[in-house]
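Full structure from sequences and hints, please.
Residue numbers (my numbering), protein chains in the order written: chain A, 5 to 257; chain B, 1114 to 1302; chain C, 1114 to 1302.
Treat the hints loosely; a few may be bogus.
[Stated by the list, open to error] List of simulated lysine-lysine pairs, DSS-like, C-alpha gap at most 27 Å: (1) Lys-1226(C) with Lys-152(A); (2) Lys-1226(B) with Lys-1193(B); (3) Lys-1193(C) with Lys-1226(C); (4) Lys-152(A) with Lys-1193(C).
Simulated from the structure, these hints should not be mistaken for lab results.
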Amino acid sequence: MIEEDDNFELPLRAERETLTLDIDGWEGPLDLLLALARVQKVDLREISILALVEQYLAFVEGAKALKLELAADYLVMAAWLAFLKSGLLLPRDPEVEPSPEELALRLQLRLQRLDAMREAGARLMARDRIGRDVFLRGAPEGLRVVRKPAWEADLYELIAAYGAVRARTGPAVHIVSRRPVMSLETAIELVSRMVGARLDWASLESFLPEGLDPLYRRSALASSFLATLELARQGKVALEQEAPFAPLMVRRL
Amino acid sequence: MIDEDERAVEAALFAAEASMTVGEIMAAVGARDVRAALSRLREHYAGRGVELVERAGRWHFQTAPDLAHILRRTREEPRKLSRAGIETLAIIAYHEPVSRAEIEAIRGVQISKGTIDALMEAGWVRPAGRREAPGRPLIYATTPAFLTHFGLGSRRDLPGIEDLRAAGLLDPVDLAMEQLEVEKDETDD
Amino acid sequence: MIDEDERAVEAALFAAEASMTVGEIMAAVGARDVRAALSRLREHYAGRGVELVERAGRWHFQTAPDLAHILRRTREEPRKLSRAGIETLAIIAYHEPVSRAEIEAIRGVQISKGTIDALMEAGWVRPAGRREAPGRPLIYATTPAFLTHFGLGSRRDLPGIEDLRAAGLLDPVDLAMEQLEVEKDETDD
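Put into structure tokens, the structure is as follows:
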């Protein structure tokens, strides 16, 4: 990007009588066209597009003569302007849409829009800016917000906490309660017997005896599952399950 | 005579590290008639070395612009913008919300990656969603900090914006421009 | 009416990052009658929300001392007591007055310094003198605010050990041990 000095002002470029061939100074063909237009007339609504085209083409020719390397977009614009010029000069062909006059008008409008924004930018930069023209308080005390925790706890938490402390530190008496379990050996025996008694697929749960204590039933189910896996490994049963959590089906092999 | 509301608002704004909305001032000084106090304070400070100003709904004290020459002496310039940066900022401010392609269409050149980044870093420009158009391009708008920095009460205070709008120079980048691009491309072949 | 000297001095002091001597102000604003301007400014700001003050030959603006409460607001933020906090509070409530060492003996875990501080900050616990024992340790007790917060008429309303047992609050030994482990981890960091 081109760094401009800070008192960049719009008319500067236009005030020059002749244009130097400093391609680096132009931000593209539209920028160059705008500068040429401003040399021609201050009021962009009054410029002659034909004259502008001539100036641009002359500029590009000049650059070529000096063997300056022009960026491709400058040449593209030159070609388009040459096309526009011939359109403007030759007898009008009503078939061609849009008309050369309309294209010229659009170019003029485009230059006006760019010019408007360039001027707006300059006017923005010339405003009273904080830190350059106006200044904020140098050493503000600041509006401090002191955060004060509002502690929360309720009575249940309080007594539960005390209970936990006492339970934790009081003499602990550990009683290991005996839970009814089915051993793996028992389960293998059970499953082998049940499978042997049936020919078709049957769910694993159907092997468990009725009316078991719920805790013992859970243990029996877990052990029976292990048992079927073991039997399947030994090639004695086949297992099948249609979907996750569907009943596990068992059959003798 | 100065009243308590005015004193409180004056003290809060003096002490504040950033400009404040009426709501923030109210939160700081309690239930007071902040609006009335602000308007009396603004009047009181008018013409003094320090002024009370409102920017984008936020209030702050600042030194009077005509005293810049006294204060500037020892201070560094605020961030310098490239010419591309200035133009891009102007286009975003006057046309917002605007996409990168629309900025490029107005400037007639591609903008380098760093240009919008620098404006965002300065806190003057922010992404403002996407345009509901093919490609859903990101669109940009200015921030309250932009208005504050450039001393604008609101976007309506942008220099000459009404004249430009009346002249049709702020209309959405129109089809005519796109067509111009198409023509250019065709002659390119 | 404010004169130019006064405006310049006002702006210079407002924008200054530190208090300024008369010499420094003069260097900033140029050849002006700074002393006279300072004295008029001080008079002008007297009684306002902002004052111009001189300290050891240096001048600066500051907010009026009686408005300090505006500048320092307190905002309450609800916060849960940590497990260590609630246990410590419970032990103090059941055993008061009690020293820190005693609390630790009952809890079976050390308590960090912040724990009792938080309880005192909450207004639930107060120092209640010293134990007439070796080292004369500080002892703690609950406050009336503690009773109010927990809806207790007096400490006698706290359920006794037998009530706790009946409510099953003394049972979950393993669970309590697990929680203790977690809490140790928390206090570690």
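Here is what the structure says about each hint:
Restraint check: the Cα-Cα separation between Lys-1226(C) and Lys-152(A) comes to about 18 Å, which is no more than 27 Å; the hinted pair holds. Of the supplied pair hints, the one linking Lys-1226(B) and Lys-1193(B) holds, its CA atoms being roughly 17 Å apart against a limit of 27 Å. Between Lys-1193(C) and Lys-1226(C) the alpha-carbon distance is near 17 Å, which keeps this suggested pair within the 27 Å criterion. Simply put, Lys-152(A) and Lys-1193(C) have alpha-carbon atoms about 13 Å apart, close enough for the 27 Å limit, and the pair holds.
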